[in-house]
Amino acid sequence: MTQNQIPEGEERDVKTMGGAAIDGSPIAYIIVLASVVTVLAFVPLSIALGSGKVIPLSQSIYPLLGWLLGPLAGALASGIGTLIGAILVPYTGGFPAIALWGAAIASFTAGAMGEHPKRKYWYLGLTVLFALELSAYAYLAIVRNGIPINTFIFGAFIDWSSVVLFVLPTRILFARLIGSRNFVRVTIGIFGGTWMICGLAHLSQVPFTYYLYNWPEPIWKALIPIIPVENAIRGLSGAVIGTGVISGLKAINLVKPKEAVY
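For the sequence shown, the positions run 3 to 264 when this note's numbering is used.
It is worth saying that the hints were derived from the structure and are not from the lab.
Being a predicted model, the structure only gives us computed values, none of them experimental.
Wrong hints could be hidden among the right ones.
Straight-line alpha carbon distances no greater than 27 Å define the calculated BS3-like cross-link-like pairs of lysine-lysine that follow [stated by the list, open to error]:
| # | residue 1 | residue 2 |
| --- | --- | --- |
| 1 | K258 | K122 |
| 2 | K120 | K258 |
| 3 | K260 | K122 |
| 4 | K223 | K120 |
| 5 | K122 | K252 |
| 6 | K252 | K120 |
Here are the in silico distance ranges between beta carbons for each label pair [as the list claims (entries may be wrong)]:
| # | residue 1 | residue 2 | range |
| --- | --- | --- | --- |
| 7 | R178 | A234 | 16 to 26 Å |
| 8 | A138 | F185 | 33 to 43 Å |
| 9 | G26 | P150 | 29 to 39 Å |
| 10 | R146 | A23 | 42 to 52 Å |
| 11 | Y123 | K258 | 18 to 28 Å |
| 12 | A224 | L131 | 20 to 30 Å |
| 13 | N184 | I144 | 36 to 46 Å |
A virtual CB, placed ideally from N, CA and C, is assigned to each residue, including glycine.
Kindly generate the complete structure, drawing on both the sequences and the hints.
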């Protein structure tokens, strides 16, 4: 048989039989990716002005874990890695419970972006959750602390814009780009998806951190140009790491978890 000969017969799906798995993802995959999150927790990305904590690079790959493993396994991997990172590197962990929640919801939401028939309506429940979190954030800032509405709108740009992107068909567009065989499209999809998912993770954490710290209006105004840049950096680093990982996985034909998006 020559290398250029086209195989005949039906295409077959190769599936692994047996082995421990969670929601279709082998436990070994979960352990490896949780370890990656822990390692990246040692690498600072920037400083959060509102709380003074250091933002770790691991935040850039929370969405990637959801796309690689699916919603449940991805949330478990990012949660385990973040919890260990918060213990070993407390200066990047912030409040462990808040950091753990943000990591888990980021990977879970990323994994739920796909068009799986049994899970295609999960985004509705997530949309309700994010709407409630945005309302709580707005209440604390505008009603309780008297932050001007226009300041809140600009200061919470990545939060409400990410909700809009998630509700619109851009959610499905990003998922399809990530699953493309064209790695330029994959990179674009990962950047857009990371911007959106990290914005939603920020939204899930910020009502709690704002309740604790209550930063004044001058801090709000200082954060307006900084937060979008931070989120763009997460998108860029997530795109670089994610494109490399996904291209490598496809090159070696590693068995893909059942609920993976890529």
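Going through the earlier hints one by one, which of them does the structure break, listed in rising order? 4, 9
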